Amino acid sequence: MLSRKVAVIGAGATTYAMHFTKSYYDLIAEAYLNAVRSIGPEFDPQKIQASWLATVMKNPIHGSAITQATGLIGIASTRVENMCVAGGDAFRNAVLGVASGAYDLVMVIGAEKMCEPDFEAGGRAAFGWPHPVADYGLSAPGILGMYGTRHMYEYGTTKEQMAMVSVKNRKHACGNKLAYFRKPIAVEDVAKSPMICWPFNLLDCCPEADGASCVILASEQVAKKYTTKPVWVRGIGMATDQQALEDKLSLSEMLPVILASRKAYEMAGIGPEDVDVAEVHDCFSITEILLYECLGFCQKGKGGQYIQDGNGYIGKKLAVNPSGGLIGKGHPLGSTGVGQICEVFWQLRGEAEGHQQENAKVGLQNNTGGMAFSCSAVNILSI
Amino acid sequence: MLPDYWRDTKYILQGKGDRCKQCGYIAAPHRKICCRCGGTEFEEVQLPESGKVYSFIVNYYAPEDLDSPAPGAIVDLGDRKMYGLLTECDPKQIQVGMPVRRVIRKIRDENGYVYYGVRFRPEGE
Numbered sequence: 004m005l006s007r008k009v010a011v012i013g014a015g016a017t018t019y020a021m022h023f024t025k026s027y028y029d030l031i032a033e034a035y036l037n038a039v040r041s042i043g044p045e046f047d048p049q050k051i052q053a054s055w056l057a058t059v060m061k062n063p064i065h066g067s068a069i070t071q072a073t074g075l076i077g078i079a080s081t082r083v084e085n086m087c088v089a090g091g092d093a094f095r096n097a098v099l100g101v102a103s104g105a106y107d108l109v110m111v112i113g114a115e116k117m118c119e120p121d122f123e124a125g126g127r128a129a130f131g132w133p134h135p136v137a138d139y140g141l142s143a144p145g146i147l148g149m150y151g152t153r154h155m156y157e158y159g160t161t162k163e164q165m166a167m168v169s170v171k172n173r174k175h176a177c178g179n180k181l182a183y184f185r186k187p188i189a190v191e192d193v194a195k196s197p198m199i200c201w202p203f204n205l206l207d208c209c210p211e212a213d214g215a216s217c218v219i220l221a222s223e224q225v226a227k228k229y230t231t232k233p234v235w236v237r238g239i240g241m242a243t244d245q246q247a248l249e250d251k252l253s254l255s256e257m258l259p260v261i262l263a264s265r266k267a268y269e270m271a272g273i274g275p276e277d278v279d280v281a282e283v284h285d286c287f288s289i290t291e292i293l294l295y296e297c298l299g300f301c302q303k304g305k306g307g308q309y310i311q312d313g314n315g316y317i318g319k320k321l322a323v324n325p326s327g328g329l330i331g332k333g334h335p336l337g338s339t340g341v342g343q344i345c346e347v348f349w350q351l352r353g354e355a356e357g358h359q360q361e362n363a364k365v366g367l368q369n370n371t372g373g374m375a376f377s378c379s380a381v382n383i384l385s386i
Numbered sequence: 478m479l480p481d482y483w484r485d486t487k488y489i490l491q492g493k494g495d496r497c498k499q500c501g502y503i504a505a506p507h508r509k510i511c512c513r514c515g516g517t518e519f520e521e522v523q524l525p526e527s528g529k530v531y532s533f534i535v536n537y538y539a540p541e542d543l544d545s546p547a548p549g550a551i552v553d554l555g556d557r558k559m560y561g562l563l564t565e566c567d568p569k570q571i572q573v574g575m576p577v578r579r580v581i582r583k584i585r586d587e588n589g590y591v592y593y594g595v596r597f598r599p600e601g602e
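Here the protein sequences line up with chains A and B, keeping their order. The opening position of the first sequence corresponds to residue 4 in the numbering used here, with each subsequent residue numbered one higher. The opening position of the second sequence corresponds to residue 478 in the numbering used here, with each subsequent residue numbered one higher.
Check before you lean on any hint, since a few could be wrong.
Said to hold, decoys possible - When the alpha-carbon atoms are kept at most 25 Å apart in a straight line, the in silico DSS-like pairs for lysine-lysine are as follows: (1) A/Lys61 / A/Lys8; (2) B/Lys558 / B/Lys569; (3) A/Lys25 / B/Lys529; (4) A/Lys228 / A/Lys364; (5) A/Lys25 / A/Lys232; (6) A/Lys228 / A/Lys266; (7) A/Lys305 / A/Lys174; (8) B/Lys583 / B/Lys569; (9) B/Lys498 / B/Lys487; (10) A/Lys50 / B/Lys498; (11) A/Lys162 / A/Lys319; (12) A/Lys319 / A/Lys227; (13) A/Lys25 / B/Lys487; (14) A/Lys303 / A/Lys266; (15) A/Lys180 / A/Lys232; (16) A/Lys319 / A/Lys174; (17) A/Lys180 / A/Lys319; (18) A/Lys25 / B/Lys493; (19) A/Lys25 / B/Lys498; (20) A/Lys174 / A/Lys50; (21) A/Lys303 / B/Lys558; (22) A/Lys186 / A/Lys232; (23) B/Lys569 / A/Lys162; (24) B/Lys569 / B/Lys487; (25) A/Lys195 / B/Lys487; (26) B/Lys529 / A/Lys162; (27) A/Lys232 / A/Lys303.
These are computed hints drawn from the structure, not numbers from a lab. All values reported here derive from a predicted model rather than from experimental measurement.
Use the sequences and the hints to build the structure in full.
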């Protein structure tokens, strides 16, 4: 049963044909404009809080494709892939979003380009989004590298400070039996490892991995039947901005992280100073430095100093990535976020054997990523 | 990716963008909706040919059709920023603020089809 009524108030679409003159983003924009205009001139699409995107064939692609196409900066956006059922399932999720009371105004877009050769996927080679020719030559480290070079230029962040992040997370990983790496490294080891993509050496990067994780959630009534130590969800937040690096307002901060964390903190009724343990998205060393700033753990520009001062270690007021993070644990893309929730769950219940942050009461989970780092999710839990 | 290339040659080969009639922000390559103000009407403009490096990377594991190490930069043209691979450039000499000029060079090579487009070449002071 749904907690409250949900209505469809507008609809729009493109014709279905071989649309060679229109890109995938053009199709999304056209359907969106038709739907918005169908409601009337008084409707302000900036008020749409969340969106779901059903696309099957393009991979990898994610929710910020909507943000890139529509310009609705900050909107929460989820890509639903469920083969032919993607559209219906995206709609079902949007309904749950409104019925739950979390959102009052949401959008669902289904878009597909089947009549052209599929864009090649793969993390190593062709990160040519949003354009496979105009944006060619970047890779995952390339995208973060653009943020890194700019952060070093604007705030004087050093490669040494970046290496300190890797050192911390590799140390934490030694105590985590689920982690990929179980040996520590020193700051000098990072500079000696092969250069992958300036400004990153190999040890500044997280490894790809295979893996899976699972969490089970319940309503208050059902939770009481099964556990005396439920970990409560206090706040959830998700935000996107555009996928084009060149159009972002700043490359020394990550807007989706700032917006997503703000939503989560507000819902939870807490601030960054209340967090005891955080599992954040250190896909590269500089990412964690940016995340200290964007999640509010330190001031803008001071992320390098934060880790240099020894913050973030288990035992400090806030432990960042006590599991070892992506750098220490590995990064099996889909599993990482769920695995971070598992970790926060174990930390808050005192069950993180070998890498426990004592007396952790409030935990934060953060995933950030995608093309040009255009998406972020922040979830806050407490015991 | 031939259709994506064909749709945007005005940007990739001619360096043209679309100025939003509502707020003046230039979209490049084209968009249906302005990412700053949501406007949907545009007029074509020519982007400046030179600018300064805003940020850069050097990819030591670039795709097969590029020479590694492959330097790339986000260049501030004044009117807007533009991404491009660098060319005729020592990767160790790149600095934020360095002046560069837009040139047409080979970008991608897929199954024998060569895609030409924008790269940036350092300008001597």
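Against the structure, the hints:
1. A C-alpha spacing of about 33 Å is found between A/Lys61 and A/Lys8, which places the hinted pair above 25 Å, so the restraint is violated.
2. Under the criterion of a C-alpha separation no larger than 25 Å, the hint pairing B/Lys558 with B/Lys569 is consistent with the structure, at around 22 Å.
3. Restraint check for A/Lys25 and B/Lys529: not satisfied, since their Cα atoms lie roughly 32 Å apart, outside the 25 Å limit.
4. At roughly 22 Å between alpha-carbon atoms, A/Lys228 and A/Lys364 fall within 25 Å of each other, so this suggested pair holds.
5. The straight-line distance between the Cα atoms of A/Lys25 and A/Lys232 is roughly 53 Å, outside the 25 Å bound, and the hint therefore fails.
6. A distance of roughly 31 Å separates the Cα atoms of A/Lys228 and A/Lys266; the hinted pair therefore is violated under the 25 Å criterion.
7. A hinted pair counts as satisfied when its Cα atoms are at most 25 Å apart, and A/Lys305 with A/Lys174 qualifies at roughly 23 Å.
8. Our distance criterion of 25 Å between C-alpha atoms is met by B/Lys583 and B/Lys569, whose separation comes to about 22 Å.
9. For the hint linking B/Lys498 to B/Lys487, the alpha-carbon distance of about 19 Å falls within 25 Å, and the restraint holds.
10. A hinted pair counts as satisfied when its Cα atoms are at most 25 Å apart, and A/Lys50 with B/Lys498 qualifies at roughly 23 Å.
11. The hinted pair formed by A/Lys162 and A/Lys319 meets the criterion: a straight-line CA distance of about 23 Å does not exceed 25 Å.
12. A distance of roughly 33 Å separates the Cα atoms of A/Lys319 and A/Lys227; the hinted pair therefore is violated under the 25 Å criterion.
13. Of the supplied pair hints, the one linking A/Lys25 and B/Lys487 holds, its CA atoms being roughly 14 Å apart against a limit of 25 Å.
14. Restraint check: the Cα-Cα separation between A/Lys303 and A/Lys266 comes to about 19 Å, which is no more than 25 Å; the hinted pair holds.
15. At most 25 Å may separate the alpha-carbon atoms for a hinted pair to count; A/Lys180 and A/Lys232 meet this at roughly 23 Å.
16. Taking the CA atoms of A/Lys319 and A/Lys174, the gap is near 14 Å; set against the 25 Å cutoff, the hint holds.
17. Of the pairs offered as hints, the one joining A/Lys180 and A/Lys319 holds, with about 22 Å between alpha carbons and a cut-off of 25 Å not exceeded.
18. Proposed proximity of A/Lys25 and B/Lys493 is supported: the alpha carbons are some 18 Å apart, at most 25 Å.
19. Of the supplied pair hints, the one linking A/Lys25 and B/Lys498 holds, its CA atoms being roughly 21 Å apart against a limit of 25 Å.
20. Restraint check for A/Lys174 and A/Lys50: not satisfied, since their Cα atoms lie roughly 44 Å apart, outside the 25 Å limit.
21. With a C-alpha separation of about 23 Å, the suggested pair A/Lys303 and B/Lys558 falls inside the 25 Å cut-off, and the hint holds.
22. Under the criterion of a C-alpha separation no larger than 25 Å, the hint pairing A/Lys186 with A/Lys232 is inconsistent with the structure, at around 33 Å.
23. Pair hint B/Lys569 plus A/Lys162 holds up; C-alpha atoms about 15 Å apart against a cutoff of 25 Å.
24. With a CA separation close to 32 Å, the supplied pair B/Lys569 and B/Lys487 exceeds the 25 Å bound.
25. Between A/Lys195 and B/Lys487 the alpha-carbon distance is near 44 Å, which puts this suggested pair outside the 25 Å criterion.
26. For the suggested pair B/Lys529 and A/Lys162, the alpha carbons sit about 23 Å apart, so the restraint of at most 25 Å is met.
27. With a CA separation close to 36 Å, the supplied pair A/Lys232 and A/Lys303 exceeds the 25 Å bound.
This entry does not satisfy hints 1, 3, 5, 6, 12, 20, 22, 24, 25 and 27, going by the numbered hints stated previously.
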